[in-house]
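Start counting the sequence shown at 1; every next residue gets the next number (full-length UniProt numbering).
There may be inaccurate statements among the hints.
Okay, derived cross-link-like pairs now, SDA-like style, lysine to any residue, Cα gap no bigger than 25 Å in a straight line [as the list claims (entries may be wrong)]: (1) Lys216 to Arg131; (2) Lys119 to Asp101; (3) Lys119 to Gly186; (4) Lys119 to Arg131; (5) Lys216 to Glu70; (6) Lys216 to Ala82; (7) Lys119 to Ala187; (8) Lys71 to Trp277; (9) Lys71 to Ile182; (10) Lys119 to Pro96; (11) Lys216 to Pro179; (12) Lys216 to Gly75; (13) Lys71 to Gly186; (14) Lys71 to Val83; (15) Lys71 to Ser174; (16) Lys216 to Arg132; (17) Lys216 to Arg65; (18) Lys71 to Met215; (19) Lys119 to Glu66; (20) Lys216 to Ile67; (21) Lys119 to Arg132; (22) Lys119 to Gly212; (23) Lys216 to Ala79; (24) Lys119 to Ile182; (25) Lys216 to Met1; (26) Lys216 to Gly183; (27) Lys216 to Ala124; (28) Lys71 to Gly212; (29) Lys216 to Pro76; (30) Lys119 to Leu181; (31) Lys216 to Trp277; (32) Lys71 to Pro179; (33) Lys216 to Tyr61; (34) Lys216 to Ser174; (35) Lys216 to Leu93; (36) Lys216 to Ala123; (37) Lys216 to Leu74.
Everything labelled a hint here was simulated from the structure, so no lab data went into it.
Remember, predicted model here, so these are calculated numbers, not experimental data.
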Amino acid sequence: MEPVSLIVLLAMGTLAGAINAAVGSGSLLTLPVLLALGIPPGVAVRTNTIGILFSTFGSVYGYRREIAEEKGNLGPLMAVTAVCATAGALLLLASPGAALDVIVPILIVFALVMVIFQKRITAAIRAGAERRAARRGGAGSPATDGTDPSAAVSPGDDLSSAASIASAPTPARSPYRSPALIGTMGAASIYGGYFTAAQGILYLGVLGTFTGRSMKAVNSVKNLMSLIVNLAAASVYLVAHFVLRVEIVWLATAAIAVGALVGGYFGAHLAKKMPEWLLRGIIVVVALFALVRQVL
Numbered sequence: 001m002e003p004v005s006l007i008v009l010l011a012m013g014t015l016a017g018a019i020n021a022a023v024g025s026g027s028l029l030t031l032p033v034l035l036a037l038g039i040p041p042g043v044a045v046r047t048n049t050i051g052i053l054f055s056t057f058g059s060v061y062g063y064r065r066e067i068a069e070e071k072g073n074l075g076p077l078m079a080v081t082a083v084c085a086t087a088g089a090l091l092l093l094a095s096p097g098a099a100l101d102v103i104v105p106i107l108i109v110f111a112l113v114m115v116i117f118q119k120r121i122t123a124a125i126r127a128g129a130e131r132r133a134a135r136r137g138g139a140g141s142p143a144t145d146g147t148d149p150s151a152a153v154s155p156g157d158d159l160s161s162a163a164s165i166a167s168a169p170t171p172a173r174s175p176y177r178s179p180a181l182i183g184t185m186g187a188a189s190i191y192g193g194y195f196t197a198a199q200g201i202l203y204l205g206v207l208g209t210f211t212g213r214s215m216k217a218v219n220s221v222k223n224l225m226s227l228i229v230n231l232a233a234a235s236v237y238l239v240a241h242f243v244l245r246v247e248i249v250w251l252a253t254a255a256i257a258v259g260a261l262v263g264g265y266f267g268a269h270l271a272k273k274m275p276e277w278l279l280r281g282i283i284v285v286v287a288l289f290a291l292v293r294q295v296l
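Produce the complete structure using the sequences and hints provided.
Take a look at the structure:
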């Protein structure tokens, strides 16, 4: 691989690491460059996944305090995410090269649509979740569920004891333990294990929708889930490389990894300060160039 190509990958890896820490979709900078260099799609995805993994190390370390606050609630979500990401990576290994020539451009288009219309998609998903929650709340209200609130206290009960029990706060279950959230993240992680590009945007949408929290509030958990997905997929590819001799371009991986590690930790604040239109514009231009390169 030529030095100029490695420098480009290093630069794109740094910017991709920063973008991944801030919003996600950084792989839409590095993966298209690998494809433009003539690397076959399957090899490019494996090479990119191992390299971009280092961006999640940096970003998770940068959000370590926020993650520590939720660590007691993330066990089931982490386990399902790891299993489903492994399944996605195995699916990539099982996909024939000829099929990937068709599938990867389609996935890039899908990822681009998520990048361009991220706000609209997230808003539509969240609005639907809020409507369903409102219907469930209405169905379960005291006025409509057929229960008598006075039945909770029998005539012989100590009213003061009953009042203290009624006023005692009931600990709420963390939204990160919601079966709906865990199941949806599992499906998203299959995509992430198969094709890393834009997985962060997908996770932000899922986490924000099912927790009801802002994108900024769930960004730390998004980065942790991205680390788990990339680590699971990279582990599968490493085993396949040493056991089955599947190809990985290690020089390209190293260039992306160095840039991604630096960008993931030190570059997040830069990505957050950059105009959103500029971030999306860079991603769209690079990805479209890769699509043209694939078609021609």
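Hints, verified against the model:
no.	hint	result
1	Lys216 to Arg131	holds, 23 Å
2	Lys119 to Asp101	violated, 30 Å
3	Lys119 to Gly186	holds, 22 Å
4	Lys119 to Arg131	holds, 18 Å
5	Lys216 to Glu70	holds, 15 Å
6	Lys216 to Ala82	holds, 23 Å
7	Lys119 to Ala187	holds, 21 Å
8	Lys71 to Trp277	violated, 34 Å
9	Lys71 to Ile182	holds, 15 Å
10	Lys119 to Pro96	violated, 34 Å
11	Lys216 to Pro179	holds, 22 Å
12	Lys216 to Gly75	holds, 21 Å
13	Lys71 to Gly186	holds, 18 Å
14	Lys71 to Val83	holds, 19 Å
15	Lys71 to Ser174	holds, 11 Å
16	Lys216 to Arg132	holds, 24 Å
17	Lys216 to Arg65	holds, 14 Å
18	Lys71 to Met215	holds, 18 Å
19	Lys119 to Glu66	holds, 24 Å
20	Lys216 to Ile67	holds, 13 Å
21	Lys119 to Arg132	holds, 20 Å
22	Lys119 to Gly212	holds, 15 Å
23	Lys216 to Ala79	holds, 23 Å
24	Lys119 to Ile182	holds, 22 Å
25	Lys216 to Met1	violated, 39 Å
26	Lys216 to Gly183	holds, 22 Å
27	Lys216 to Ala124	holds, 18 Å
28	Lys71 to Gly212	holds, 19 Å
29	Lys216 to Pro76	holds, 22 Å
30	Lys119 to Leu181	holds, 19 Å
31	Lys216 to Trp277	holds, 18 Å
32	Lys71 to Pro179	holds, 17 Å
33	Lys216 to Tyr61	holds, 16 Å
34	Lys216 to Ser174	holds, 17 Å
35	Lys216 to Leu93	violated, 34 Å
36	Lys216 to Ala123	holds, 15 Å
37	Lys216 to Leu74	holds, 18 Å
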